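Given the sequences, and given the hints that come with them, work out the whole structure.
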Amino acid sequence: MRRASFRAGIRAGIPFAIAAGALAVSFGVLAEPVIGAGATLALSAFVFAGSAQFGSVAVLGAGGGLPAAVIAAILLNARYVPMGIALAPSLRGRWLRRAAYGEAMIDASWAMASRGGGRFDPIFMVGATLPSYPAWVGGTVIGVLAGDLVGDPAALGLDALFPAFFLALLIGGELRSGRSAVIVAALGAAVALALTPLTPAGVPVIAASAAALLGLRGRGSETDPAEEHPEIEGDPVG
Amino acid sequence: MAEEWALVAWLLVTTAVIRASGPVALGGRELPARATGMIALLAPALLAALVVTETFRGEGSELTLDERALGVAGAGVVLALRGSILVALAVAMAVTAGARAVL
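Protein chains in written order, with our numbering: chain F, 1 to 238; chain A, 1 to 103.
Have a look at the derived ranges for each label pair, beta carbon to beta carbon: (1) A:77 with F:95: 42 to 50 Å; (2) A:17 with F:65: 18 to 26 Å; (3) A:102 with F:200: 32 to 40 Å; (4) F:38 with A:103: 32 to 40 Å; (5) F:66 with A:63: 24 to 32 Å; (6) F:210 with A:102: 35 to 43 Å; (7) F:11 with A:5: 33 to 41 Å; (8) F:66 with A:81: 41 to 49 Å.
Everything labelled a hint here was simulated from the structure, so no lab data went into it. Source: prediction; values computed, not measured. The beta carbon of each residue, even a glycine, is placed where N, CA and C say it ideally should be.
As structure tokens, this is what we get:
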């Protein structure tokens, strides 16, 4: 059962790994001139958090200084706090083991491991994260080494990959879990759109999650535990 | 230590602490039913916000409507027609790159 979950996670994680690899190429291309090859590779290998890496290097590149770059990264990563709280009840074992599951969280694998009614499949999540790691590090290596050949990552449309993938997770999984999910997604999108020009990067996403949840609170929880979350591995992934 | 390695060190520590915080603080505990219901809705809220910010955020903090939006819309059409995720991603890239080349 655990093995089957793990394998299903790996299969489900492969499309995201391909997208992540392509995006990592653009990270390598963009970050290398700012922080050098070694630090660029170290960020991908040891931090493994796309938006925080892009955000902090962009701040440094714009002359924002180290404290501002670190704060940007913390804000962009802050969504992992509510994500981790959501994951926590599904985790067993000692704190070190639970922390290790937390380290395996990335947006896509966390969302794909959601099983409805607030439950998560942590083994599936680890499997779904796994293909992204070599893709992320390998893509960064290619970006650093072949920056001149790749040219401008924007010209290849690489920056459209992440939003398109998040849209796929939303349409293919979350929105099928009921009317509440559709309402919350619409609210979340509206709040993020409104706050993007007003707040530092990272804040709109956290605020949107909180506002969407609070907005629904008055209506009472409509989530029907019987409405099982559709398994993402049932989606055509290739 | 040079600034770039300080950045690596800071991000390594802060990211690891943030990712572990929820599971370490609350691991294995059953949350109240109301909290569970709200947590179940966290994923759609977060994903929708990520779609919006990754599509419309410009270089600074301003809202930008550029070729990315066309690419993401193309992916949306593929997904609405129940096409595969990989086809949707390929369409997003191709439409964005194509629009940038033409416009």
